Amino acid sequence: AQSVTQLDSHVSVSEGTPVLLRCNYSSSYSPSLFWYVQHPNKGLQLLLKYTSAATLVKGINGFEAEFKKSETSFHLTKPSAHMSDAAEYFCVVSELYSSASKIIFGSGTRLSIRP
Amino acid sequence: DAGVTQSPTHLIKTRGQQVTLRCSPKSGHDTVSWYQQALGQGPQFIFQYYEEEERQRGNFPDRFSGHQFPNYSSELNVNALLLGDSALYLCASSLARGGLERAFFGQGTRLTVV
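Taken in sequence, the protein lines are chains A and B.
Mapping of the first sequence onto my numbering: position 70 corresponds to residue 74, and the numbering continues sequentially without gaps.
Mapping of the second sequence onto my numbering: position 1 corresponds to residue 15, and the numbering continues sequentially without gaps.
With the rest of the complex left out, here is chain A:
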């Protein structure tokens, strides 16, 4: 069965310090994994995507994520947090069945940045 678990509902870091948002997944097949960001009153924006080409995936705004199959994890990191990073982040797993995809969003992690 396909599932995704975001281990922290809320993460708070100081500006300029590293960010770590954790995501574990479960999939019967070789999934595609994504991270999305949702700012208030804005649409969901894709940060990055993993599809098996490389385990370390670089995204926009300095974010990156590492796919670890042995740990079934896809954690999102950023070396130095910026105030503009404050938002809701979603880990997403997608599996392809025949010609259709099944997409599961995690419950989200709210990232707060302290000045």
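No lab work stands behind these hints, which were simulated from the structure alone.
This structure is a prediction, so every number in the text was calculated from the model and none was measured.
Some hints could be false.
Stated by the list, open to error - Here are the simulated DSS-like cross-link-like pairs (lysine-lysine), alpha carbons at most 30 Å apart as the crow flies:
id : chain 1 : residue 1 : chain 2 : residue 2
1  : A       : Lys72     : A       : Lys106
2  : A       : Lys73     : A       : Lys53
3  : A       : Lys73     : A       : Lys62
4  : A       : Lys53     : A       : Lys72
5  : B       : Lys40     : A       : Lys106
6  : A       : Lys53     : B       : Lys40
7  : A       : Lys106    : A       : Lys62
8  : A       : Lys62     : A       : Lys46
9  : A       : Lys46     : B       : Lys27
10 : A       : Lys46     : A       : Lys106
11 : A       : Lys53     : A       : Lys106
12 : A       : Lys46     : B       : Lys40
13 : A       : Lys73     : A       : Lys106
14 : A       : Lys62     : B       : Lys40
15 : B       : Lys27     : B       : Lys40
Stated by the list, open to error - Cβ pair distances, simulated, as ranges:
id : chain 1 : residue 1 : chain 2 : residue 2 : range
16 : B       : Gln31     : A       : Pro44     : 25 to 31 Å
17 : B       : Asn93     : A       : Ser84     : 47 to 53 Å
18 : A       : Ser30     : B       : Asn93     : 30 to 36 Å
19 : B       : Gln31     : A       : Ser18     : 44 to 50 Å
20 : B       : Gly112    : A       : Gly20     : 35 to 41 Å
21 : B       : Gly113    : A       : Glu75     : 23 to 29 Å
22 : A       : Asn65     : B       : Ala52     : 25 to 31 Å
23 : B       : Asn85     : A       : Pro119    : 45 to 51 Å
24 : A       : Ala57     : B       : Glu66     : 32 to 38 Å
25 : B       : Asp76     : A       : Leu11     : 34 to 40 Å
26 : A       : Ser7      : B       : Leu109    : 26 to 32 Å
27 : B       : Arg111    : A       : Lys62     : 21 to 27 Å
28 : B       : Gln31     : A       : Ser16     : 37 to 43 Å
29 : A       : Ser30     : B       : Arg116    : 20 to 26 Å
To be verified - Here are some of the chain B residues that sit facing chain A, going by a computed Cβ distance under 8 Å:
id : residue
30 : Pro57
31 : Glu115
32 : Phe119
Just so it is clear, CB atoms sit at the ideal spot from N, CA and C, and this is done for glycine as well.
Here the structure of chain A is known, so what remains is to put chain B in place on it, guided by the hints.
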């Protein structure tokens, strides 16, 4: 070029009523997907429309129905509203052969059922 446009932005309905939400896809996109995002939760896939037909459906009751028009715009209809239907409803447009990463999301319609 406008992206994905949803209307209305906010809506208040009474339990038992019916509601219609609208979505205009990004120019050139032919596929529309709808998601329900309850407060504090991630979006849940409702269904997807392509060539005016429902191509894929998530685990939602028949009270949730949709339609796609020849210009690719789409409507989401919910009948017999329940308090639990209160949520942000997101529309995403894409090309038929595009993956999730190629989808563009609208800002959503906030539905409150009282």
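May I ask which of the numbered hints given earlier this structure violates, with the numbers listed in increasing order? none
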